[in-house]
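Engineer: Residues per chain are reported as follows:
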Amino acid sequence: MKSLQRAWHRHSPQLFLGELLEKRWMEPIIPFTLTIAVFLAFAIMIPRYLTAGSLQELMRNFAEQGMVAVAMAFSVLSGGIDLSVGAVFAMSNFLALYLYLILGLPLPVTIVLVVLFGAAMGAINGGLIAYGKTRPFLTTLVVLIIVRAAYNKVTVAFTNELASIDSGSSTWDFMGSGRVLGIPFNMLVLILLAVGTHFFLTRIKPGVHIMAVGSSRKAARHAGVNVKRVLFSAYVMSGAIAALAGILYAARQSSSGTDTGVGWEINALAAVVLGGISLAGGRGTIARAVMGAAIIFMLTSGMVRLGISGNLTTAIIGIILLLAVGFNVKWVKNKGKVLQKVYVTPSWVDFEPPPSVERGSGTPFAENDRLKNAEAIALNMIEGPEDIILDRKDNLYTVNRNGSIIRFLAPDYTVREEFARIGGRPLGLAFDRDQNLLVCIAGMGVYGVKPDRSVFKVTDRTTRTRTRLKDDSRLYLADDLDVAPDGKIYFSEASTRYELTDWALDGFEGRGNGRLICHDPKTGTTRTVLKNLTFPNGICISHDGQSVLWASTWLCQINRFWIAGPKAGTSEILIDNLPGYCDNINRASDGKYWLAFVGLRTPVYDIAMRNPVFRTRMVKQIPPDEWLCPGINYGCVVKFDDNGAVTESLWDPGGLSHPTITSVREHKGYLYIGGLENNRIGRIRLQDADPTWEAHKSYWGGA
Amino acid sequence: MTKAVHRRAFAGIGLAAMVATAALVAAPSQAAGPRDQLREKFDKSLKGKTVAWSPVWMGVLESEWTRVMKDRFDDYGIKLVTRDANMKSDIQLQTVSDYINDKPDVIVVQNPNVTLLAKELKRAMDAGIYVVQVNMASNTLTDAYVGVDAKDLGTKIAREVINQCGGGKGSGEVAILEGEATAAYSLDMKNGAMEVFKTDPSIKVVSSQPTSWDANKAGDITTTVLQQHPKLCGILSVWGPQTAGAAQAIKAANMGDKVKVFVASDGQPADCDLLEQGAFSANLSYRADVQGQTIADAVIALLQSGDKPGAKNIAYYTTPAWVKSKDDRMYCFSIPKGAK
Chain A
0 MKSLQRAWHR HSPQLFLGEL LEKRWMEPII PFTLTIAVFL AFAIMIPRYL
50 TAGSLQELMR NFAEQGMVAV AMAFSVLSGG IDLSVGAVFA MSNFLALYLY
100 LILGLPLPVT IVLVVLFGAA MGAINGGLIA YGKTRPFLTT LVVLIIVRAA
150 YNKVTVAFTN ELASIDSGSS TWDFMGSGRV LGIPFNMLVL ILLAVGTHFF
200 LTRIKPGVHI MAVGSSRKAA RHAGVNVKRV LFSAYVMSGA IAALAGILYA
250 ARQSSSGTDT GVGWEINALA AVVLGGISLA GGRGTIARAV MGAAIIFMLT
300 SGMVRLGISG NLTTAIIGII LLLAVGFNVK WVKNKGKVLQ KVYVTPSWVD
350 FEPPPSVERG SGTPFAENDR LKNAEAIALN MIEGPEDIIL DRKDNLYTVN
400 RNGSIIRFLA PDYTVREEFA RIGGRPLGLA FDRDQNLLVC IAGMGVYGVK
450 PDRSVFKVTD RTTRTRTRLK DDSRLYLADD LDVAPDGKIY FSEASTRYEL
500 TDWALDGFEG RGNGRLICHD PKTGTTRTVL KNLTFPNGIC ISHDGQSVLW
550 ASTWLCQINR FWIAGPKAGT SEILIDNLPG YCDNINRASD GKYWLAFVGL
600 RTPVYDIAMR NPVFRTRMVK QIPPDEWLCP GINYGCVVKF DDNGAVTESL
650 WDPGGLSHPT ITSVREHKGY LYIGGLENNR IGRIRLQDAD PTWEAHKSYW
700 GGA
Chain B
0 MTKAVHRRAF AGIGLAAMVA TAALVAAPSQ AAGPRDQLRE KFDKSLKGKT
50 VAWSPVWMGV LESEWTRVMK DRFDDYGIKL VTRDANMKSD IQLQTVSDYI
100 NDKPDVIVVQ NPNVTLLAKE LKRAMDAGIY VVQVNMASNT LTDAYVGVDA
150 KDLGTKIARE VINQCGGGKG SGEVAILEGE ATAAYSLDMK NGAMEVFKTD
200 PSIKVVSSQP TSWDANKAGD ITTTVLQQHP KLCGILSVWG PQTAGAAQAI
250 KAANMGDKVK VFVASDGQPA DCDLLEQGAF SANLSYRADV QGQTIADAVI
300 ALLQSGDKPG AKNIAYYTTP AWVKSKDDRM YCFSIPKGAK
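If you read the sequences in order, they're chains A and B. With numbering that gives the first Met the number 0 applied, the first sequence covers 0 to 702. With numbering that gives the first Met the number 0 applied, the second sequence covers 0 to 339.
Be aware that one or more of the hints could be misleading.
[Stated by the list, open to error] Quick list of in silico lysine to aspartate or glutamate cross-link-like pairs, DMTMM-like style, CA-CA up to 20 angstroms:
| id | chain 1 | residue 1 | chain 2 | residue 2 |
| --- | --- | --- | --- | --- |
| 1 | A | Lys152 | B | Asp213 |
| 2 | A | Lys638 | A | Glu357 |
| 3 | B | Lys150 | A | Glu357 |
| 4 | B | Lys216 | A | Asp368 |
| 5 | B | Lys230 | B | Glu275 |
Calculated from the structure, these hints are not laboratory results.
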């Protein structure tokens, strides 16, 4: 029974659900499902719905409505609204007929002129809204009324000419009723337009700027975006697209009636909202607008084909839209909350009682005062030295919270200089053979700094797990690294589910979310060596260079992964059931290893780890500042050997100067101490250590 | 018995059955008189056929057409498919395109304007479908047209306007309320009227605007026209229901005694009611129910003709009649009780 429960918690469907909800494509899931559902429903209800002819008719009749929805989407994404699209569409329809069929202008000239007309109407809208600071709703409403009135005037003035329109050239007919590979021409234009505008809004600078301005005008301005010009361009695009739709409609319908384009702005707006594009701007895609338009179109045309009377059709569509929009708005709004509730999925972890850490208990872990009088280096000159390292000239390097690598110059370490600025949150450090400083950066990957201080990227992605919904190819939380004798860089990624700031949540899960990754600089390839590791943290190549030692923080284990020798490729647990949560591992001068305890286990937290339901409830029901967290207000460092025996420990009782120790580094008889949240680096003299030993020699030899 | 024998035995039975059936089928026609043969031929050309009907919307007029057609077609075993475009031309184009894909035997269509369906109707006939256009034609001539001669209607109604407003009897100022400007019915009627008006210098057309068949819009237009032309003598409106709005506007402006309303309409009961109430001065009326019968006649004539679709263009013009008083009530139809 227990094993069944364990298996349930290990492979909880909640994991899948959480990662599913996290997907960006889950946001338009409602319109997408509805599009498919409506299509299938009519395919079942209407005979011959799925024949090629019927599908072609559907596409042909849909295209212009889709385009007008795209036009509307542009204005809505920019944070406004363009109610004039329907009128501009109708006027463009008339102009195309007039210029081409009545005046007899060449077709390309007609197309250019009409699109220019649409752009000009957009320019009026955009000019007033962006530069005149008028409200989009009223401005475009006025333009709608003016253009519509003008349309009514001109169509009356040219009634007889419009009535005697004959079909134009074969090109014109092709625009109206031609097909390319079975796809109606106007649908093809819509597809190209949708793909093009999607690309524009997501990849091209002026388009991305539209999204930026829509998301937050203030932030965009602060980021140096010319907000006015961007707004202006959004309306110009909107007008031009509506005009393009008008031309295609003209080629298809050859008529300019009083109903042309009437209410299309409302349909387009409904499509945009139904597609889940936020009316506040900045959120949504072109595809969603097209999906929304497709739903409305299919409902209308489908109900007409079912022979339902016109008024009833309108009413039914109204009700369906109301429901769908209401549901969709709720969904878009609350998806984040749902995700928060289901994302954290604790697993079942069993702990044995750990060895005693009590003072005088006689275990190697027994509390002492050996770190109590550590000398403080760089006091208040550093924020969060998660790792420290020293070079061959004894200079001290460490990482800073703000994303830079800080160097303190030997011998007295009072001169502070910013060695390199990379960004992200730098964590583990290592030197390679050429004295390049390699650094793991949370949120970015693995980077390097050459001795001349130039920064280079080592890797920021690895092989993706094919069976997993979440794209884990990008490095989320590279934590610590070391370099093997053959130059390969082994590094840990602590979690693929949480950011660094949410390390506690990963702790509540206690799940194998992390991995051990290897980057080979010779081939430039990065691959995942071990996956499903529980918060792999410290990484250290063993003294013989044959294995990688890695620490699992939440399982309180030291593991060995063989990279050379007879056992190459296999892994084993070297030390289990440590009394503290393991962090970085580094070589010691006596052939052993230093291990930092970032925190110490407590009986109550051990019990909590055995109870996933308890932790789930805790995360869901109480505020974060009342969560039961691992105890990290301790300061403890231990030493272990290649056989997995812990030989000694060094304590700062109560963690007064050195709580949350994440790294210890031995250099020339001294031990340097770094902590994730500390404001200093500690240093103590090691009495019986080799005063000439330095890590670089240990790794790469030489004098 | 072996399988082979089985099969031969069955083949034999099959052959016998076929011969017998053929004899049975042939027998009555040989035996029966020419009148029975006629009915037989009639049934053969009509039974199981499909008529696809695309009205602009389902107003009183279109409902009456549909009711009459359905009665007749049900009787003959013809299936009638109806789709209401609800005044949306894009939907109507879509409907007709769908019809062509579905390959009915006849498409009956009321064109929202002269150009919209022109290409599709030609395509329909090319696809082997008979096309009957009703009351509102397109630029494409098809197998049959059933409906008014709109131009003739315009001429007649204009003469009546001149009678009452021209030659010093009134100010001579006339406003025209069109329907949909490019709908054949409205366009041709207006052009017919204008031709007549041009011949009489005492008549001045002060306004000619489309109402989209909408009473509210007609009311708004009329209100404006009355303000701009307080001496207005007559309003010529192409269709009854929209004119109700105009009449309302005239009443609201207290000009009921000065402005005369001339209307052409399909004889729906409300038209005669309004005339009897004095809201309309004269109504050139044709009856929708009669037209419905004619549509059905045109359809069954085509189905029995054996002609290739598009071979001929037959017109069935409806004869209008003036409704000027209560006594002319017979030129309006009445919607039978129980009709929806």
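Engineer: For every hint, state whether the structure bears it out.
Structural biologist: Hint-by-hint comparison with the structure:
no., hint, verdict
1, A:Lys152 to B:Asp213, "holds, 17 angstroms"
2, A:Lys638 to A:Glu357, "holds, 17 angstroms"
3, B:Lys150 to A:Glu357, "violated, 111 angstroms"
4, B:Lys216 to A:Asp368, "violated, 95 angstroms"
5, B:Lys230 to B:Glu275, "violated, 24 angstroms"
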